[in-house]
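594 is the number that this note's numbering gives to position 611 of the sequence shown; each next residue is one higher, with no gaps.
Since the hints were derived computationally from the structure, they do not count as laboratory data. Glycine included, every Cβ here is placed at the ideal spot set by N, Cα and C. Certain hints may be false.
[Said to hold, decoys possible] Each computed DSSO-like pair below joins lysine-lysine, with the alpha-carbon atoms no more than 30 Å apart:
1. 595 / 640
2. 686 / 656
3. 893 / 868
4. 620 / 398
5. 640 / 398
6. 821 / 620
7. 887 / 770
8. 853 / 770
9. 558 / 868
10. 640 / 558
11. 595 / 770
12. 770 / 868
13. 615 / 558
14. 853 / 868
[To be verified] Using C-beta positions, here's what the derived DEER-type ranges look like:
15. 497 / 925: 45 to 53 Å
16. 669 / 368: 50 to 58 Å
17. 749 / 795: 36 to 44 Å
18. 393 / 349: 53 to 61 Å
19. 753 / 568: 53 to 61 Å
20. 795 / 917: 52 to 60 Å
21. 351 / 139: 43 to 51 Å
22. 853 / 755: 51 to 59 Å
23. 705 / 139: 16 to 24 Å
24. 914 / 497: 37 to 45 Å
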Amino acid sequence: MAPPLSRRNLLQAAALAAAAPALSYAASGRATAATSATSAAAAAAAAPAAWTVRPFALDEVTLGPGVFADKRQLMLDHARGYDVNRLLQVFRANAGLSTGGAVAPGGWEGLDGEANGNLRGHYTGHFLTMLSQAYASTGEQVFADKIATMITALTAARAALRTDPKMLAVTGKWGAAHENVRGSYQYVDLPAAVLGGASAITLSVWVKPTHDANWQRAFDFGNNTTRYMYLATRNGSGVPRFAITTNGAGGEQALNGTAALPLNQWSHLAVTIAGGTGTLYVNGTAVATNTAMTLNPAALGTLANNWLGRSNYAGDPVYAGAYDEFNVWSRALTQAEITSLQTNEAKLSTAGLGNLVSYWFQATAGGTFPDGSGRGLTATLRRTWGGPSHPGFLAAYPETQFIDLETRTASDYTKVWAPYYTAHKILQGLLDAYAATDDARALDLASGMGDWMYSRLSVLPETTLQRMWGLFSSGEFGGIVEAIVDLHAHSGKAEHLALAKLFDLDSLIDACAANTDTLDGLHANQHIPIFTGLLRLYDATGETRYLTAARNFWGMVVPNRMYGIGGTSTGEFWKASGLIAGTISDTDAETCCAYNMLKLSRTLFFHEQTPKYMDYYERALLNQVLGSKQDKADAEKPLVTYFIGLTPGHVRDYTPKQGTTCCEGTGMESATKYQDSVYFKAADGGTLYVNLYSPSRLTWAEKGVTVTQTTDYPREQGTTLTFGGGSAAFALKVRVPSWATSGFRVTVNGTAASGTPAAGSYFTVSRTWKAGDVVRISVPFRLRVEKALDDPALQTLFYGPVNLVARNAATSYLSFGLYANAALSGDLLPTLAPVSGKPLHYTLGGTEFAPFLEGSENPTHAYFRRAEPKVVFGTLDSGIANPAKSDGTTLLDEIWAGAPFASKSALVTKVTSTVNAWVSAGLLSQANGQVVISTAGQATYVS
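Could you put together the complete structure from these sequences and hints?
Printed below as a string of structure tokens:
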């Protein structure tokens, strides 16, 4: 492994490499390297040398029929049917390009969504990743076609952002018109002489508004918020308003319309001022007159800001809609002249062209509009945020959020909402698209983003970076470090690796490397993906603190902040370690957290083959992740939860918030890569790991073998592996789940494999495998409980790997006893009754228990109160109350903790010794103890 590189060394290396040749493009369209070093780096991108175990590609593992395939099919259908132009709308709008009439998805992807849509663009990245995974898994051309559409559009958007804005020509009232697409932040800048110091004036404009936001300006001429004159298409009441002032809002002399302008229709607005009288016309009709107007343009003097579509009040929205013909005359037109403008172009009307300024907005390839008045006052199309953008920049909003973050000291997501998080989603989507389709444009876009981020962040002081990344929400950057390290593996650019290290949040890394738990009060999903990125930095730099920090962090979450389903967080945040019952709410287990914990667990396993990582993987995948996807088709939404409430009677919400949330994004990704961790291979090719029991077919090309796994797991308690292809020698390691404490068995061609399986380990069979070999793995399930760390009486139920939840509309905790018919093995299942025709469904006390993984809308109880009031054995009630110690441990708890029992007599022996100890401790009377022992001896047990 290469020696660790400091951030300073990486920055120096990046500076030296800055002049290195860029990627060129071969005839195939694939990016090829201009240097052998870059070529070598790209070749090494498949798997880091530090990984002692490596995954198979998605197209090497095919899902078979079963619960995973069923869930995936729902998501694939959603991906096939969804119009990606809706996702691209926000990118095209931001770039000032035609959106083709597409309607943005809304929610977090829309300007009207949460926090003004400040996270828009993130969902497009998720969708690209989903499509890439879907294409890699199925090979269906529809997914490749959608990816190509998106890459083409994003390439065009980036190019447009690098130039001055250009007219977007649409059909106008009289010919061509200019459209301001909502989200483009464009306006028309007029020369300072536009008003000509006139004391009498008429301003006339045709508008076609496309959005109903109040205070959009048809025009606004002013210096600031003190001295100005404007015409709003909608005021605070939704009607047109003209106002002029030299003393701010309180001094406005105004004209208000009487009705709202219709959307998506042309309307004519005109204002006349002369002799102290102002009149507002809408479609030729005078709708307001003010005979006490003492102000006119002459009183304003020469103004600095003369704008169509933009307000001098920074908080007002930019006008969204089209313009056709803007004219200004240095006199008040008559009613007849205003009427003439309704049916004629100005040049053909009785009014003629404006003598102060006249713009026809005729089609042009550029962004300037000539003046037809003869005064030569050319207008220029501009963006409110300046521009063009810097090289490589790509987003669905301007660079302004990134700029603001650099000086921000407090989080405010209505101003800055995790811009580098959104950048991560886009970057990852591009990298995934490149991997799936070989489209060099995707890599070029990704590399450009890396270059842009490096140019921005590498010049900032270290203290600024630490402050930025420490900000809640605004400074969140998701898994961008992992994506940048992957980008570096493709590009070979030193500055890309240096960029990855610029995201180091030292306070967090150092604390976790020292195994100091500082997670209390932190936003969970802001921090989990950081550690997967640190592992990838370890791969690239050899800096061991990254690996140590990630390993220790994982242990701070599992099990200390983990719910039974594998999820973590309450209200998106972590509380103190060990606090489970005390955090149960309607907003537990943010789905993104499970997604990112799975990625972290998987990546840790690549470095250290510790079975607990795959134990957790099965838990979270089979329960929270599967259960977060509703078992229902929908063309509009992916139907994935945001939070999973664990309060009694909670009903899962599969259409969370306003839609297009982070969790719906990661949910789309999860559902198209279920097979990515079923099998792993050792780096030297000498071992095959079977991590998950899932119907699937592995094609291991290097070995020339196939492995077909046939099972209905988890409805079936085991699986069968059938080998095909040629023969190959390697060790087969099958995971023995930590809950499989007895009965796990492996046979090869009908003969028991030698060795003793141990729960929470891998069982190894080494041999030369040949076509036709059959491995049968038996994984007996048993019903067990898991107790909340901070309240042992609050428990959740598991049957093997499957979390069972009670379906009941009650909103308080239900109470259940489970020892009544416990088996000698310790299995609690005999106490429950199976539901005919419904696998993994049981009833107890009239309440049905069902697998959490079923994406239903039933009210559920993930946790319940354990209550064992009487001592009962084999359904035989002793009539004796079940005593408890001060810590809550009951007599039955202590007895059944000794399970499994080889025989009834072994159980009775345990009962006798436990009763005697409790009698001696004064916790149970001698007489009652004898009744308990007698009942245990008389009862009949399930073996």
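Checked hints:
1. 595 / 640: 34 Å, violated
2. 686 / 656: 23 Å, holds
3. 893 / 868: 18 Å, holds
4. 620 / 398: Holds: residue 620 and residue 398 sit about 27 Å apart, inside 30 Å.
5. 640 / 398: Holds - the C-alpha atoms of residue 398 and residue 640 are around 19 Å apart, at most 30 Å.
6. 821 / 620: 28 Å, holds
7. 887 / 770: 27 Å, holds
8. 853 / 770: Roughly 20 Å between the alpha carbons, so the hint for residue 853 and residue 770 holds.
9. 558 / 868: 29 Å, holds
10. 640 / 558: 23 Å, holds
11. 595 / 770: 18 Å, holds
12. 770 / 868: Holds, at roughly 17 Å.
13. 615 / 558: Between residue 615 and residue 558 the Cα gap is close to 34 Å, so the pair fails against 30 Å, i.e. violated.
14. 853 / 868: The given pair, whose Cα atoms are some 15 Å apart, holds under the 30 Å limit.
15. 497 / 925: 45 to 53 Å: 50 Å, holds
16. 669 / 368: 50 to 58 Å: 56 Å, holds
17. 749 / 795: 36 to 44 Å: 54 Å, violated
18. 393 / 349: 53 to 61 Å: About 42 Å separates the Cβ atoms of residue 393 and residue 349, which means 53 to 61 Å is violated.
19. 753 / 568: 53 to 61 Å: This hint holds: roughly 55 Å between Cβ atoms.
20. 795 / 917: 52 to 60 Å: Cβ of residue 795 to Cβ of residue 917: about 37 Å, so the range 52 to 60 Å is violated.
21. 351 / 139: 43 to 51 Å: 22 Å, violated
22. 853 / 755: 51 to 59 Å: 56 Å, holds
23. 705 / 139: 16 to 24 Å: About 49 Å separates the Cβ atoms of residue 705 and residue 139, which means 16 to 24 Å is violated.
24. 914 / 497: 37 to 45 Å: 55 Å, violated
The structure is inconsistent with the numbered hints 1, 13, 17, 18, 20, 21, 23 and 24, although it conforms to all the rest.
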